[in-house]
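Q: Spelled out, the chains give:
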Amino acid sequence: MISGEEGSAGDPSETVILATGGYDHTIKLWQAHTGNCQRTLQNPESQVNALEITPDRQRIAAAGYQHVRIYDINGSINTAVANCEGLTKNVTSVGFQEDGKWMYTGGEDCSARIWDMRKGSMQCQRIFQVSAPVNCVCLHPNQAELIVGDQSGIIHIWDLKTDHNEQLIPETDAAILSMAVDSAGTFLAAVNNKGRCFIWGLGGGTNDEPTRLNPKHKLEAHKRHALKCRFSPDSQMLVTTSADQTARIWETDKFEMVQELTCDAQRWVWDAAFSLDSQYVVTASSDGVARLWNVAEGSIKREYTGHQKAITALALEDVARD
Amino acid sequence: MALYDNKHWLLSHIRHSFIFSDESGFSEMVMMDEDLRVPSMKAYPDLDQDEEDEDGDAPRSLDVNCELDFGAHRRRVNTAQKLEKMDLERKRIAKMTSIKWEDPMPSVAEVPSNAFERKVVDNAKKEKVKRTSTLSAQLKDCPVLLKNPFFDYSKFDGNAQVGVPVKRYIIFLTMLPERERNYPLHVTIVNTAKVKELVGLVLWKCSEERNAQLEDESAYALHIAEDDGEVDWDFPCLDEKEVVSKFGFNYLALVQKTEVHKSRAQTMSMPLSSLGWSALAERDEKEIEGAEESALQQQAMKEAEMRMKGHMTAMEAPLYQSFQVYIMNRVRVRSAVHLGISGEKIEIDPVVQHKATSQLWGKRKAATYDITRIAACELVNQRSSKSHFRLVHQSLTEDPTTTFKTLEFEAENFVAQEIVQKINHILELRATPVWKEYLVTKERKSTRRRSFSFSLK
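Going down the list, the sequences are from chains A and B. Counting with this note's numbering, you get residues 1 to 322 for the letters of the first sequence. Counting with this note's numbering, you get residues 323 to 779 for the letters of the second sequence.
A hint or two may mislead.
Unchecked claim - So the derived list for chain B, only partly shown, Cβ under 8 Å to chain A, looks like this:
id, residue
1, Asn328
2, His330
3, Arg414
4, Lys417
5, Lys422
6, Trp423
7, Glu424
8, Arg440
9, Arg453
10, Thr456
11, Leu457
12, Ala459
13, Ser476
14, Thr763
To be verified - Derived lysine-lysine pairs resembling DSSO-like cross-links, with alpha carbons at most 30 Å apart:
id, chain 1, residue 1, chain 2, residue 2
15, A, Lys309, B, Lys404
16, A, Lys301, B, Lys518
17, B, Lys404, B, Lys422
18, B, Lys441, A, Lys309
19, B, Lys422, A, Lys119
20, B, Lys407, B, Lys422
21, B, Lys489, A, Lys301
22, B, Lys687, B, Lys708
23, B, Lys441, A, Lys218
24, A, Lys216, B, Lys441
25, B, Lys687, A, Lys309
26, A, Lys101, B, Lys441
27, A, Lys309, B, Lys489
28, A, Lys161, B, Lys441
29, B, Lys518, B, Lys568
30, A, Lys101, B, Lys413
Honestly, the hints are just simulated from the structure, not real lab data. Computed from a prediction, not measured in an experiment: that's the story for all the values here. Don't be surprised by glycine CBs; every beta carbon is placed ideally from N, CA and C.
Could you build the full structure based on these sequences and the hints that come with them?
A: Spelled out as structure tokens, the structure:
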């Protein structure tokens, strides 16, 4: 076994969590600063489409084929502790309300769902149907609006309280593959399968007003499918990943490219995440390797190898150092 | 014993008992020629269907224990394994809570809306505060992580995989100091890995767990070992390029390659390579030798292939095949005809033309030429897409001096080539007198021409 648990059974809230999952039916937890694989969780008979760590940092959810499996991060059980089923087709995205009250998922069954995580409670259970497979779902920091992007190119904004929804189409017939809202609720970014990235400024969203979207910028981010976009924690940068084997970092003022993360071995880059201080980005690629890059230099600092097949999802939970 | 009244069975039993117990081997020699093995049921009319062994090879002697026992033994183990797997599955599922999606109640009115209360997002602050990251701090603390040179081999570790067939080995590390040598390394590797990768994985584990000073992976080789750690030097080391799943040994030893390995490899390189064990010579030498050999082999194979292809075409030649070509008239007008070639004759059938002009000029009569009248067929000229070829045949005159007439055709390049090849194959096969005569005439003509040219000089 690759070097087992380092005995750093410290406070879970102190350790940096880095998880990767893909096509080899495993989810690996890494010690991010050394590159060692600490645990391998089993995810039989399904690939991992998305990974999300619960707000209390105790568990990780893996969206797969017809289910979402939840694993214990700190513990010794390498199999799922909970399995959310009753879904058909691939679940493409998963996320949590910031207090862990409910979980949201989106899938190829053309729906976005809210799962009540509290025992015995069904209060929060909701479902939102659209007319095309849902590729990505993200939650506005106000915890009350869910943004759903689908295969036909429509972005829906679903107000969870009033159940109203608005639609907008940045580009017709261009599947939305990923969306992100920054933690301050100032921007919404969406990338599509033509490699374009659209950015809106977000206004309103307080009280009961629906959030207004003001188109801010349109980027020809990549030459091929753009797979993922994510804002840095300080909202200063946006990372977009693509099938063109690169991840690009843009500053959020004029949206000019600041850095390109690429290397020969890297294939499609499926996911990326920033460290808390935005100095580092971790990417996941279909060559089975996750990489830690220094944003300023564009150089690889760590590589996480061990997956036998493509890595299609990653989750990073950094810890603030006060 | 129900079989004791079956004379065939008894006879077989007696024979086997003699062969089995006679240590001088005499009985075996005497009885060797008489093969009483009768696979059909008729030989053992008294035997039931169930008692008949599936293969006639099974010894019908009570003394000889056949491997059926083995199979039965394995079968039990298999079921035990299956039960274990099912048990594990059950335990796994038991630990896991299943959350089934339930559609929300239509009574949305009852849903307390505070479940989705909006949070006030303070975007005015714009995070001017510089965030610190534990990850960055940790990265700074261990700046240059000396990457284990064998790190690439870690991906072959079977423990890191799920659901992949793996092979487990116990490796004795002979290069370690005396004290540590007795503690072998337990290694699990994926089935699909090569021996070279197993060496790498062993070295990686060794460096990770034992902090040993190790050299490059090419300096080591794996040998079969006993369970007490003793290396079996009789066998050469495991071939680096072989896949691990081929070998059944569980105990292996990692040794440092020595001069013995290299010299042994050099002297035994030829026969070894034929056996499939690759040479352990100096890397360059092995590579060159290997490359040369494989190149020669490939050459030989290619030649054999060509020869086979040639044979095939020759064999197929007499089969009837029809081509669409153009026949050239004396007036240089071509008309489309079907040229049917078979081992017996060549037929020329005009294609029905609807244009009046071609009907006027074209050759309208169908003709058949027996193969015994065909003298030769050759390509005349080749243009970019079309070629001309000529069919020489003996004219049907009573004249003792045989005259040869020619028919000219035009066709696509490859069609023409095919036709010429086909007819020539047929001619060679049939070896008709006309063909031979034509060849002789041609020879004479060419020699005459040659002599003529000489005289000119």
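Q: Taking the hints in turn, state whether each one holds.
A: Hints versus structure:
no., hint, verdict
1, Asn328, "violated (54 Å)"
2, His330, "violated (54 Å)"
3, Arg414, "holds (5 Å)"
4, Lys417, "holds (7 Å)"
5, Lys422, "holds (5 Å)"
6, Trp423, "holds (3 Å)"
7, Glu424, "holds (6 Å)"
8, Arg440, "holds (4 Å)"
9, Arg453, "holds (5 Å)"
10, Thr456, "holds (4 Å)"
11, Leu457, "holds (5 Å)"
12, Ala459, "holds (5 Å)"
13, Ser476, "holds (6 Å)"
14, Thr763, "violated (69 Å)"
15, A:Lys309 <-> B:Lys404, "holds (28 Å)"
16, A:Lys301 <-> B:Lys518, "holds (28 Å)"
17, B:Lys404 <-> B:Lys422, "holds (29 Å)"
18, B:Lys441 <-> A:Lys309, "violated (40 Å)"
19, B:Lys422 <-> A:Lys119, "holds (13 Å)"
20, B:Lys407 <-> B:Lys422, "holds (25 Å)"
21, B:Lys489 <-> A:Lys301, "violated (33 Å)"
22, B:Lys687 <-> B:Lys708, "holds (24 Å)"
23, B:Lys441 <-> A:Lys218, "holds (29 Å)"
24, A:Lys216 <-> B:Lys441, "holds (24 Å)"
25, B:Lys687 <-> A:Lys309, "violated (71 Å)"
26, A:Lys101 <-> B:Lys441, "holds (14 Å)"
27, A:Lys309 <-> B:Lys489, "holds (20 Å)"
28, A:Lys161 <-> B:Lys441, "holds (12 Å)"
29, B:Lys518 <-> B:Lys568, "holds (14 Å)"
30, A:Lys101 <-> B:Lys413, "holds (28 Å)"
Hints 1, 2, 14, 18, 21, 25 from the earlier list are contradicted by this structure; the remaining hints agree with it.
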